[in-house]
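Which chain is which? The protein sequence lines are P and A, in order.
Here the first sequence stands for residues 1 to 186, numbered as in our numbering.
Here the second sequence stands for residues 1 to 249, numbered as in our numbering.
Please keep in mind that the hints were generated in silico from the structure rather than gathered at the bench.
Even for Gly, the Cβ is constructed at its ideal location relative to N, Cα and C.
Covered stretches of chain P, going by a simulated chain A footprint (3 or more residues, C-beta under 8 Å):
(1) 30-40
(2) 51-57
(3) 126-139
(4) 142-156
(5) 170-180
Which residues of chain A face chain P? A partial, calculated answer using Cβ under 10 Å:
(6) 16
(7) 25
(8) 30
(9) 39
(10) 49
So the derived label-pair ranges between C-beta atoms look like this:
(11) A:110 <-> P:61: 31 to 41 Å
(12) A:110 <-> P:57: 38 to 48 Å
(13) P:91 <-> A:111: 42 to 52 Å
(14) A:94 <-> P:96: 42 to 52 Å
(15) A:46 <-> P:68: 21 to 31 Å
(16) A:116 <-> P:68: 55 to 65 Å
(17) P:72 <-> A:107: 39 to 49 Å
(18) A:94 <-> P:91: 34 to 44 Å
(19) P:91 <-> A:47: 19 to 29 Å
(20) A:27 <-> P:156: 23 to 33 Å
(21) P:101 <-> A:47: 24 to 34 Å
(22) P:61 <-> A:106: 27 to 37 Å
(23) P:57 <-> A:14: 32 to 42 Å
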Amino acid sequence: MLDALAEEDIEILADTAGTDPAVLFGAAYRMFSGAVLGYLRARGVDDPEAVTQDVFLAFFPKVGELTGGLQGAKSLLFSIAHARMVDYYRRLERRPDFTPYDPLQDGRSTASAEDHALGHDGGAAALLEGLADDHREVLALRVVADLSIDQVAGIMGKSPGAIKQLQRRALQNLKDQTLRRNQAQT
Amino acid sequence: MSDNAGSRNALTVDQLLREAELEADGVLRPALLELQALAAERPQPSAAVAALMVPATRRLEAVPSLPTAHQPETAALPAPRHAAPAAGAAGDELAARRRAKRRITLTTLSVAVSLAAGGAVAVASDQGIRDSVNHAVTSFVSTVGGGQAKAPAKAPAPVTERPGSPSTVPAPTAPAVPAPAASETDSHGTKGPQKHPSPTPSGGVPLPELPVPESITPGAPGGGPLHGEGQPSLPVPETPQVPLPNHVP
Chain P
1 MLDALAEEDI
11 EILADTAGTD
21 PAVLFGAAYR
31 MFSGAVLGYL
41 RARGVDDPEA
51 VTQDVFLAFF
61 PKVGELTGGL
71 QGAKSLLFSI
81 AHARMVDYYR
91 RLERRPDFTP
101 YDPLQDGRST
111 ASAEDHALGH
121 DGGAAALLEG
131 LADDHREVLA
141 LRVVADLSID
151 QVAGIMGKSP
161 GAIKQLQRRA
171 LQNLKDQTLR
181 RNQAQT
Chain A
1 MSDNAGSRNA
11 LTVDQLLREA
21 ELEADGVLRP
31 ALLELQALAA
41 ERPQPSAAVA
51 ALMVPATRRL
61 EAVPSLPTAH
71 QPETAALPAP
81 RHAAPAAGAA
91 GDELAARRRA
101 KRRITLTTLS
111 VAVSLAAGGA
121 VAVASDQGIR
131 DSVNHAVTSF
141 VSTVGGGQAK
151 APAKAPAPVT
161 ERPGSPSTVP
171 APTAPAVPAP
181 AASETDSHGT
191 KGPQKHPSPT
201 PSGGVPLPEL
211 PVPESITPGA
221 PGGGPLHGEG
231 QPSLPVPETP
241 QVPLPNHVP
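When you get a sec, could you build the whole thing from the sequences and use the hints?
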């Protein structure tokens, strides 16, 4: 059933001409909202659900000018998400941290059993924590957002060759970090 | 996520590892699959996003129609020009916006016209400006209509010499039409003298010629005959010679 809906959404996004923008928008939301949320979560954005809604609200006015079908919609959405993520980190650098201590926001606390069961312990996102910023970005876009090398190159403003190099180094660093983590756990 | 989606994700990870020449790696693959699982959860759309996902046709259907009791009243009213019958609330809002925009334009125009009228009244109330405007209008009308407007008003009028009258005193302030001008207009056949009537009757009725005293001076009280050519002058009583005392205290 889910696959049938996904196939229908893919068909809607494949031919955008003459389609109601609301229908296109709904299909794009069903197709990519999870990936956008995962990307923002992997990049460590606070309140990724709210930023996901902002990304789609910014996407809606451009639905009418959408070209490139499914991949075009995907590129546009993750371009917006990338820009929101960059904005978030720039804002974070400028803003002094005046917030009082909140135990729920303390990253040193251990996750609850429910979070462990649902997989919300931040473990997957924590995989990227020790990596450099470019490495985190390329892995998030390639793995979580499932974008091609060309699309990632367009979003990050680099050449495809540079993205390939970056991806290889990121994977190597991720492997080393995972090995160290596994050894520490054992 | 279904099995097909899971296998698609595994294929993506395998392709990624193949591109990085790490396809035989047993450590990275589970880590990447775990990372990819972040995209599995689909968030609930917020109210704003959910409203944007409703198709336009369904949005129009959701607009409540007017009750039937109010229909005759609305039918009796003149329909606004911009409001489409099926446009609903969005059309009404658009028409209201356009009306408001038109109202602003009309208000601005009326204020500008009022300011211009006030300025015109203020200008018209000034005596100097009014005189200059009158002068300009008069000169314009005379230039267009007669063509000889300035000559009689400003040129000094020499008194024509008459046979038998020895006096040839010029009268600089005489308003009479000069004779050369009259003859010139006659020669050209224009009607200049008729448009600028002189105080003396010209032509038709001959006036009796009176002797002009020789001791007349310009500007003296007895210079009456100079103002009116051929008109009788009033006798001026002679001033008696009053003896003045030699020593004034």
